[in-house]
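Visitor: Sequence:
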Amino acid sequence: MKKSMQRPAFTLIETMWGLTIGVLVLFTVTLVLQQLHRNLAINYQLVQQFDNAMMNLSNPKASFRYEGREDDKILLTGQTHAGEFRHYRLVVRGSRLIMTTDKGGFMPLVEHVAQAHLDYHENCLSIMVKPKHGQKMTRLIFVPEMTYEI
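If you're matching positions, the sequence shown starts at 0 in numbering that gives the first Met the number 0 and goes up one per residue.
No lab work stands behind these hints, which were simulated from the structure alone.
Quick list of in silico lysine-lysine cross-link-like pairs, DSBU-like style, CA-CA up to 30 Å:
no.: 1; residue 1: LYS135; residue 2: LYS60
no.: 2; residue 1: LYS72; residue 2: LYS60
no.: 3; residue 1: LYS129; residue 2: LYS102
no.: 4; residue 1: LYS72; residue 2: LYS135
no.: 5; residue 1: LYS60; residue 2: LYS102
no.: 6; residue 1: LYS131; residue 2: LYS72
no.: 7; residue 1: LYS72; residue 2: LYS129
no.: 8; residue 1: LYS102; residue 2: LYS72
no.: 9; residue 1: LYS129; residue 2: LYS60
Taking CB as the label site, the calculated pair distances span:
no.: 10; residue 1: THR29; residue 2: PHE105; range: 36 to 44 Å
no.: 11; residue 1: SER62; residue 2: ASN38; range: 36 to 44 Å
no.: 12; residue 1: GLN134; residue 2: ALA81; range: 38 to 46 Å
no.: 13; residue 1: LEU39; residue 2: MET127; range: 15 to 23 Å
What you are looking at is a predicted structure, and each value in this text was computed from that prediction instead of being measured.
Quick reminder that beta carbons are idealized off the backbone N, C-alpha and C, glycines included.
Using the sequences and the accompanying hints, generate a full structural model.
Guide: Pasting the structure below:
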């Protein structure tokens, strides 16, 4: 009688190796998809923050006026809800675009910023923001120059 050299099924070790490799592939795919989803959520949040900041800067009630430039800061004057005028600075600190006041307060406008560029030309404030993950965004808003009455 001849014994057959063919095996009818996988051995237990081969099955365990196959399951282990399958689980590792599944975990890797899951982690990659989670990171992609996280990056998309951060980009969506950044776009919302950026558009909200532009709406605040172009708010007619605040009536921001351009005062000048100091190094990489844009100097603005605006009116508070109480009607008093206050000096503001738009500046990039760390990975955030923030607005600071002359009294030491600050308000973060956009977070997760890798690069930003602030420019002013002919009554238009140009703000370009490049997020850490995603494409750069640029917005132009109308901000008239500060006029001093004598």
